[in-house]
Amino acid sequence: MIDVSQLANDPDYRRGAERKGASGEAIDALLAADRTTRGLRTEVEGLRAQQNAVSRSISTASPDERPAKIAQAQELKNALAGLAPQLDEAQAALGELLLTIPNPADASVPSGGEDDYRVERVVGEQPVAPKWDHAEFGEMMGYVDSERAVRISGSRFVYLLGDAVLLEMALVQWVTKMLAAEGFVPVVPPVLVREQMMVDAGFFPADRAQVYEVDEGELFLVGTSEVPLAGLHLGEALNAADLPLRYAGSSSCFRREAGTYGKDTSGMFRVHQFDKVEMFSYCPPERSWDELELILSLQERIVGGLGLPYRVITTAAGDLGAPAAKKHDIEVYLPSQGKFREVTSCSNYTDYSARRLQTRMVDADGSRRFVHTLNGTACAVGRMLLNIFEHYQTDDATLVVPAPLVDFMGREVLQGR
RNA sequence: GGAGGGAUGACCGAGCGGCCGAAGGUGAUCGCCUGCUAAGCGAUUGAGGGUUUACAAGACUCUCCGAGGGUUCAAAUCCCUCUCCCUCCGCCA
Numbered sequence: 004m005i006d007v008s009q010l011a012n013d014p015d016y017r018r019g020a021e022r023k024g025a026s027g028e029a030i031d032a033l034l035a036a037d038r039t040t041r042g043l044r045t046e047v048e049g050l051r052a053q054q055n056a057v058s059r060s061i062s063t064a065s066p067d068e069r070p071a072k073i074a075q076a077q078e079l080k081n082a083l084a085g086l087a088p089q090l091d092e093a094q095a096a097l098g099e100l101l102l103t104i105p106n107p108a109d110a111s112v113p114s115g116g117e118d119d120y121r122v123e124r125v126v127g128e129q130p131v132a133p134k135w136d137h138a139e140f141g142e143m144m145g146y147v148d149s150e151r152a153v154r155i156s157g158s159r160f161v162y163l164l165g166d167a168v169l170l171e172m173a174l175v176q177w178v179t180k181m182l183a184a185e186g187f188v189p190v191v192p193p194v195l196v197r198e199q200m201m202v203d204a205g206f207f208p209a210d211r212a213q214v215y216e217v218d219e220g221e222l223f224l225v226g227t228s229e230v231p232l233a234g235l236h237l238g239e240a241l242n243a244a245d246l247p248l249r250y251a252g253s254s255s256c257f258r259r260e261a262g263t264y265g266k267d268t269s270g271m272f273r274v275h276q277f278d279k280v281e282m283f284s285y286c287p288p289e290r291s292w293d294e295l296e297l298i299l300s301l302q303e304r305i306v307g308g309l310g311l312p313y314r315v316i317t318t319a320a321g322d323l324g325a326p327a328a329k330k331h332d333i334e335v336y337l338p339s340q341g342k343f344r345e346v347t348s349c350s351n352y353t354d355y356s357a358r359r360l361q362t363r364m365v366d367a368d369g370s371r372r373f374v375h376t377l378n379g380t381a382c383a384v385g386r387m388l389l390n391i392f393e394h395y396q397t398d399d400a401t402l403v404v405p406a407p408l409v410d411f412m413g414r415e416v417l418q419g420r
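The first sequence begins at 4 in our numbering and counts up one residue at a time.
If you are wondering where the hints come from, they were derived from the structure by calculation, not from laboratory data. In this text, a Cβ means the ideal position worked out from N, Cα and C, and glycines have one as well. One should not assume that every hint holds.
As a list, the in silico BS3-like pairs of lysine-lysine whose alpha-carbon atoms are at most 30 Å apart [claimed, not checked]:
#1 LYS134 <-> LYS266
#2 LYS266 <-> LYS342
#3 LYS134 <-> LYS342
Listed next, with one range per pair, are the computed distances between beta-carbon atoms [claimed, not checked]:
#4 PRO288 <-> GLY186: 17 to 23 Å
#5 PRO287 <-> LYS134: 48 to 54 Å
#6 ARG51 <-> GLY186: 45 to 51 Å
Full structure from sequences and hints, please.
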């Protein structure tokens with residue numbers, strides 16, 4: 004949720020929102036709605052104060068004073084009944100406008116849309132196309148079975164089989180151990196959450212179409228463990244000395260992928276269900292930008308540690324999700340496509356999400372502020388596996404185990420099934 | 001699925017129409033005491049808004065006793081509705 008007073012007083016903040024597509028009119032409408040709401044509130048509260056005062060005096064009033072006082076209180080009550088609905092209306096209108104303004108982009112974020120990202124660096128050698136693309140290789144080796152998955156669940160589902168499963172577990176373990184060593188508390192969160200949690204995490208109403216509904220709408224399957232991790236400290240006031248609080252969530256993720264018909268239809272690049280290890284930080288505002296760099300550096304350690312060629316980009320303002328002030332993606336070079344494809348992203352939500360989640364921090368002097376929240380992919384298993392399929396296959400149909408995973412696998416080379 | 005019980009401040013726990021934002025306790029903080037520690041004594045200790053002001057201090061004020069309605073001059077307290085949690089039985093990974 005946007006900080007209205009900062010929006011009114013800080014031109015840079017306002018410009019950041021405009022760079023993300025918020026119109027000047029929308030912002031002005033919000034500020035106007037805020038002013039009228041405040042005006043009405045002052046009026047209503049003044050009346051209520053009078054009414055409370057008279058009411059209180061009734062209990063101690065002498066019997067002959069009572070009727071007059073009660074009549075006076077009644078009058079005030081009626082006046083209030085006339086004015087209060089106006090305030091309610093103004094507040095509701097304000098509430099709706101509040102949802103329309105995204106978190107302003109940070110000054111360091113390039114302007115523009117999807118194609119206006121800034122490439123920060125390119126790392127690693129980009130090999131020629133392999134003998135088999137990831138989808139062919141997965142099926143051929145018996146690691147991925149989409150045909151049979153279609154029969155029972157439809158398209159965009161896969162069976163993961165054989166050594167690919169062990170590889171997934173190895174990835175999860177390697178990554179989780181690394182993060183635990185960095186102070187991230189491993190978490191297996193609930194993957195079914197209430198509607199309110201989806202709203203608080205900033206996914207509803209915007210991304211409602213992307214989410215599976217369960218139990219007649221009572222619960223929703225999360226598309227990322229970011230949702231339950233964001234809810235971990237819902238409404239809490241965290242001790243500043245305990246920050247940053249870091250979590251590594253490990254869970255299955257479910258996405259409807261509405262509006263992606265025809266995109267990435269082969270293999271498991273884009274599926275409705277996948278497993279992911281996700282980083283999440285609750286952080287003091289003054290160090291959240293360092294925290295974003297930390298998360299990015301861990302992502303590079305993971306992707307780079309697997310020996311995958313990649314680049315780091317900074318997403319342009321117009322392509323940022325509503326709650327993000329800045330976002331970096333890591334894209335791995337996928338040789339069969341000759342393109343960089345996204346495998347991770349990390350965002351600083353600053354105080355935008357925390358304001359809605361009501362997650363605060365208490366400083367040593369007792370003062371309270373909203374925390375900053377950040378999140379980033381540690382390992383989206385499906386995408387990581389398919390990259391391994393392309394980069395580690397051999398011409399005689401075996402798969403070399405990436406060095407960091409050898410200890411977990413107990414082998415250096417995998418055969419098909 | 002069946003049967004009950006409950007939701008009050010950081011926590012426990014009273015309150016069941018009117019100085020109740022809320023007794024008491026625990027915890028925490030500060031002070032005293034003490035050779036140190038413990039104990040003891042005293043004090044302080046909820047949150048979120050608004051107005052004013054320098055978005056300071058202070059002052060005034062509103063809201064919050066699971067949520068939403070209602071009755072009343074006045075509700076934590078009375079009445080409806082909902083949600084959530086817990087216990088027992090059944091079923092079950």
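So does PRO287 sit 48 to 54 Å from LYS134, Cβ to Cβ?
With a Cβ separation near 51 Å, PRO287 and LYS134 satisfy 48 to 54 Å, so the hint holds.
For the pair supplied as a hint, LYS266 and LYS342, confirm whether the alpha-carbon distance does not exceed 30 Å.
Roughly 15 Å between the alpha carbons, so the hint for LYS266 and LYS342 holds.
LYS134 and LYS342: Cα distance at most 30 Å?
holds (16 Å)
Between ARG51 and GLY186, does the C-beta distance stay in 45 to 51 Å?
With Cβ atoms ~48 Å apart, the hint holds.
Taken at face value, is the distance from the CA of LYS266 to the CA of LYS134 at most 30 Å?
holds (22 Å)
Between the beta carbons of PRO288 and GLY186, is the distance compatible with 17 to 23 Å?
This hint holds: roughly 19 Å between Cβ atoms.
Of the hints listed earlier, there is not a single one the structure fails to meet.
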